[in-house]
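Chemist: Between the sequences and the hints, there should be enough to build the whole structure, so can you do that?
So you can see what is in the structure, the chains are spelled out below.
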Amino acid sequence: MDHGAAYPYRLDPLAPTFGNRRSQAIAAAVCGAVALALWLRGPWTLSDADTIALEVILPGALAFVLAFAPSPATLANRIAKDLVVVWTALAVFAGDGIVLMLVAVPAVLALAVALARTRVAGSWWGAPP
Amino acid sequence: MIALSQTELLAIERACFLLGPLALAAAMLLLLRPNPREATAAMVAFLWQLPALLLLHLLAKAQGWWSFAAGHNELAGLPIDVWIGWAIWWGPIAVFATRLMSPVLVVLLAVVADVVSMPVLGPLVEVKPGWLVGEGAGLVLCLIPALTAAILTRDDRRPGLRAIFHVLGWGGYLALLIPAAVLAHEGRDYFDLLRLPASVLDVALVCAALLLLFIGIAATAEFAAVGQGTPIPFDPPKRVVTTGPYAFVANPMQIISALVMLIFAAYARSWGLALIAASFAVFDAIYARWYNTAHIAHAMPDAWRRFTGAVPEWNLRWRPFVEGEAEVAVSRDGPARWVWERLWSRACTGMTRQVIVRPRGPGEGTRLRYLRRDAGIDERGMIAAARVLEHGPLPFAMLGWIIRFPPIGAPLQVISGLAVRWWRRSSRRPRHER
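Heads up: the protein sequence lines correspond to chains U and G, in order. For the first sequence, the positions run 1 to 129 when this note's numbering is used. For the second sequence, the positions run 1001 to 1434 when this note's numbering is used.
No wet-lab data here; the hints were simulated from the structure. Predicted, not measured: the structure shown is a model, and the values here were computed from it. By construction, the Cβ of each residue, glycine as well, lies at the ideal position given by its N, Cα and C atoms. Don't take each hint at face value.
Taking lysine to any residue pairs in the SDA-like style, the calculated list, with each CA pair at most 25 Å apart, reads [stated by the list, open to error]:
{"no.": "1", "chain 1": "G", "residue 1": "1061", "chain 2": "G", "residue 2": "1133"}
{"no.": "2", "chain 1": "G", "residue 1": "1061", "chain 2": "G", "residue 2": "1196"}
{"no.": "3", "chain 1": "U", "residue 1": "81", "chain 2": "G", "residue 2": "1024"}
{"no.": "4", "chain 1": "U", "residue 1": "81", "chain 2": "G", "residue 2": "1282"}
{"no.": "5", "chain 1": "U", "residue 1": "81", "chain 2": "G", "residue 2": "1074"}
{"no.": "6", "chain 1": "U", "residue 1": "81", "chain 2": "G", "residue 2": "1279"}
{"no.": "7", "chain 1": "U", "residue 1": "81", "chain 2": "G", "residue 2": "1036"}
{"no.": "8", "chain 1": "U", "residue 1": "81", "chain 2": "G", "residue 2": "1284"}
{"no.": "9", "chain 1": "G", "residue 1": "1128", "chain 2": "G", "residue 2": "1074"}
{"no.": "10", "chain 1": "U", "residue 1": "81", "chain 2": "G", "residue 2": "1106"}
{"no.": "11", "chain 1": "U", "residue 1": "81", "chain 2": "G", "residue 2": "1133"}
{"no.": "12", "chain 1": "U", "residue 1": "81", "chain 2": "G", "residue 2": "1231"}
{"no.": "13", "chain 1": "U", "residue 1": "81", "chain 2": "G", "residue 2": "1299"}
Some chain U residues flagged as far from chain G (calculated, every beta-carbon gap over 12 Å) [claimed, not checked]:
{"no.": "14", "residue": "20"}
{"no.": "15", "residue": "25"}
{"no.": "16", "residue": "28"}
{"no.": "17", "residue": "42"}
{"no.": "18", "residue": "123"}
Modeler: Take a look at the structure:
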């Protein structure tokens, strides 16, 4: 066998990137998006709690957690991670359209692969950590 | 004391059922700091739960075990927030909890939590007589398989069993969850897909889908048997798999997923399912292709270069790519020798490539043996014969995959074993006694 249990990733614990400036900026943007989405949906009533939880808090929380996920080793995956965080954060505004946003995730990943081939990507997303 | 209306109470219950598990899972992620294998295990459990819980809900509806007050944001009467929260509760939370206690205790606590809470969860849930049977079904269909698959993934054990979970789980997405969600979005019923074929075209579509799904199962089984891994990118094969369907096309699972969804779209006359098929195709053709190049090619450059140089990504080869040689050990006078000399070598000359036939040595048992050292394959009996067939052109290879399909291969192995024993006994008897 060519590889063991530590393939394709090492068995070190996953450490969140709380100290990373980019992660902090993206997480702050996610919080802003959630706040804006909540404001746009106002005034709320208690009977909206489930809809807000599903359509705003859930995508917002996922985007926030993913923003602090460890940085992938490859450029395309680093771009993919940031694009997926932004895409998930945008889902807080989508309402029922969230279904179409889910279907479009492969296109977002394809965009990451395409962006990784450009010169701008290397300077923006930098070298592997 | 705040007096809540039924609608408000229902909305708060639904929100809590989503956000409670989500917050607990995030806290456990932060405190327990799982490694990538544990995180993959948690993801496997979550992914198992989504189709399994939907199936459980459909069963509960049919059997009258319980019902949900939904009204909006629901799929077939299952509130989506409760569904996701339940999948997190019986998925990542249950898996992370195995770091703190035994899996048996996790299951017991989950049962206690359900038995205590479900009867008092009105107006969201209304339990009906016999609901404990549904609870048992939930354990068998959802919690126990998810925990088992997750623990095996975490510990990197029993790839064959993991492959079965992946086949069932992905089958649940392809045949249940995705069509049910898309057809509901189109205002249609899931059972539009499950209707009986009404024309020759329908029959052809069903046959094509079944054939493709079968090849997909064969490919997943090959990942497990040869690569000791699964189709999940975070738990991949540990060597480049070049046998089974992979000897004919490099991306059988990706092609099959997109094609099966396209067939479902045609069968259900659904543009939504056609869009999903296109989405699969985009993912497979761009991201999955890049992922393979970036990861597998990086980890196993020589084997990957040889494989991709010989096997097309999206087209089928007529004859298999066979790297190295296979040894086939045949007895000097058994039925396999008879088949080899009288049938195979006459009818199929040139069809089996790179096969070295040698007499079976001592200690190699009493059955035909197929040995392929480069791929780590060592099979006996009918399964070995099936492996020999896979050196032939595509139809022969497909026959081999059918024979190796466990529900078919296991009884065939027993029957052929009995036949070999009968052959030997009758051939040992003196001629005048026959």
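Chemist: Confirm or reject each hint.
Modeler: Tested hints:
1. 1061/G to 1133/G: Given that 25 Å is the threshold and the Cα spacing comes to 13 Å, the pair holds.
2. 1061/G to 1196/G: Status holds; Cα separation ~22 Å.
3. 81/U to 1024/G: holds (23 Å)
4. 81/U to 1282/G: Given pair residue 81/U, residue 1282/G holds - Cα atoms ~18 Å apart, limit 25 Å.
5. 81/U to 1074/G: Not satisfied, since the Cα-Cα distance of roughly 29 Å exceeds 25 Å.
6. 81/U to 1279/G: Between residue 81/U and residue 1279/G the Cα gap is close to 19 Å, so the pair holds against 25 Å.
7. 81/U to 1036/G: holds (16 Å)
8. 81/U to 1284/G: holds (18 Å)
9. 1128/G to 1074/G: holds (20 Å)
10. 81/U to 1106/G: violated (32 Å)
11. 81/U to 1133/G: violated (43 Å)
12. 81/U to 1231/G: It holds: about 21 Å lies between the C-alpha atoms, which stays within 25 Å.
13. 81/U to 1299/G: holds (22 Å)
14. 20: holds (16 Å)
15. 25: Given a closest Cβ separation of 20 Å, the condition holds.
16. 28: For residue 28/U, whose nearest Cβ neighbour in chain G is about 18 Å away, the distance exceeds 12 Å, so it holds.
17. 42: holds (16 Å)
18. 123: Consistent with the label, residue 123/U stays out of reach of chain G, its closest Cβ about 20 Å off (over 12 Å).
Hint compliance for this structure: hints 5, 10 and 11 are not met, and every other hint is.
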